[in-house]
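**Q** What follows is the residue order along each chain.
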Amino acid sequence: DAGVIQSPRHEVTEMGQEVTLRCKLISGHNSLFWYRQTMMRGLELLIYFNNNVPIDDSGMPEDRFSAKMPNASFSTLKIQPSEPRDSAVYFCASSRPVGGTDTQYFGPGTRLTVL
Amino acid sequence: GENVGLHLPTLSVQEGDNSIINCAYSNSASDYFIWYKQESGKGPQFIIDIRSNMDKRQGQRVTVLLNKTVKHLSLQIAATQPGDSAVYFCAENSGSARQLTFGSGTQLTVLP
Numbered sequence: 006d007a008g009v010i011q012s013p014r015h016e017v018t019e020m021g022q023e024v025t026l027r028c029k030l031i032s033g034h035n036s037l038f039w040y041r042q043t044m045m046r047g048l049e050l051l052i053y054f055n056n057n058v059p060i061d062d063s064g065m066p067e068d069r070f071s072a073k074m075p076n077a078s079f080s081t082l083k084i085q086p087s088e089p090r091d092s093a094v095y096f097c098a099s100s101r102p103v104g105g106t107d108t109q110y111f112g113p114g115t116r117l118t119v120l
Numbered sequence: 005g006e007n008v009g010l011h012l013p014t015l016s017v018q019e020g021d022n023s024i025i026n027c028a029y030s031n032s033a034s035d036y037f038i039w040y041k042q043e044s045g046k047g048p049q050f051i052i053d054i055r056s057n058m059d060k061r062q063g064q065r066v067t068v069l070l071n072k073t074v075k076h077l078s079l080q081i082a083a084t085q086p087g088d089s090a091v092y093f094c095a096e097n098s099g100s101a102r103q104l105t106f107g108s109g110t111q112l113t114v115l116p
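Those protein sequences? They're chains A and B, same order as listed.
With the first sequence counted from 1, adding 5 to any position gets you the working numbering.
With the second sequence counted from 1, adding 4 to any position gets you the working numbering.
Errors might be hidden in some of the hints.
[To be verified] When the alpha-carbon atoms are kept at most 30 Å apart in a straight line, the in silico DSSO-like pairs for lysine-lysine are as follows:
| # | chain 1 | residue 1 | chain 2 | residue 2 |
| --- | --- | --- | --- | --- |
| 1 | B | Lys46 | A | Lys83 |
| 2 | B | Lys75 | B | Lys46 |
| 3 | A | Lys83 | A | Lys29 |
| 4 | B | Lys72 | B | Lys60 |
| 5 | A | Lys29 | B | Lys46 |
| 6 | B | Lys46 | A | Lys73 |
| 7 | B | Lys60 | B | Lys46 |
| 8 | B | Lys75 | B | Lys60 |
| 9 | A | Lys29 | A | Lys73 |
For the record, the hints were derived by calculation from the structure and aren't laboratory data.
Please build the complete structure, drawing on both the sequences and the hints.
**A** Quick look at the structure:
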């Protein structure tokens with residue numbers, strides 16, 4: 006059974022360019038989380054969706070960041086325009102809350118470098 | 005300027021010894037806890053979880069202990085192996101919120 010799939014695995018871009026990160030949830034999962042990880046700030050939750058609906062986007066740093074779930078199994082995180090301080094590893098995770106537990110399963114991450 | 009990053013606690017153990025990684029959580033309402041392992045260049049990987057109605061849970065070579073009185077969680081790894089070298093995160097989930105709150109992590113290094 007495939008885990009969470011993210012693409013691309015690595016992205017190098019120039020400041021001002023648009024970046025789109027992609028995530029495919031584990032089949033049957035209905036919650037999706039986007040995180041950012043840096044040495045300075047650790048693992049930060051950006052936004053999460055439940056049944057395709059954004060529930061909490063308070064972690065999204067600026068209007069330059071946007072996330073969508075066009076269907077139940079796929080999500081995108083877009084940064085436009087990108088800035089060097091956006092350089093980080095971006096993870097998505099999915100879960101299927103059962104009986105009060107909510108184990109999130111993480112993808113391999115996308116390492117973003119903005120020059 | 006000075007590069008000030010997160011100062012991860014570190015733990016070094018000899019191969020074959022037992023490891024204990026500790027975590028203090030902040031929210032007394034948290035009712036579900038997870039330990040994740042993150043190897044270099046990879047995403048966090050689920051290890052073991054525990055609900056607040058339990059104080060101990062065992063898996064394969066790992067045991068999680070929960071002390072709600074002092075809001076403390078620990079992960080014990082038996083017979084630590086080189087492949088256990090990684091950063092270990094605890095995470096807590098409280099009530100109906102779907103978010104997990106992650107700790108800053110502990111770097112475990114297994115010495116040959």
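**Q** Work down the list of hints and note, for each, if the structure agrees.
**A** These are the hints, each one checked on the structure:
| no. | hint | result |
| --- | --- | --- |
| 1 | Lys46(B) <-> Lys83(A) | 21 Å, holds |
| 2 | Lys75(B) <-> Lys46(B) | 29 Å, holds |
| 3 | Lys83(A) <-> Lys29(A) | 15 Å, holds |
| 4 | Lys72(B) <-> Lys60(B) | 11 Å, holds |
| 5 | Lys29(A) <-> Lys46(B) | 17 Å, holds |
| 6 | Lys46(B) <-> Lys73(A) | 24 Å, holds |
| 7 | Lys60(B) <-> Lys46(B) | 28 Å, holds |
| 8 | Lys75(B) <-> Lys60(B) | 14 Å, holds |
| 9 | Lys29(A) <-> Lys73(A) | 12 Å, holds |
Of the numbered hints stated above, none is contradicted by the structure.
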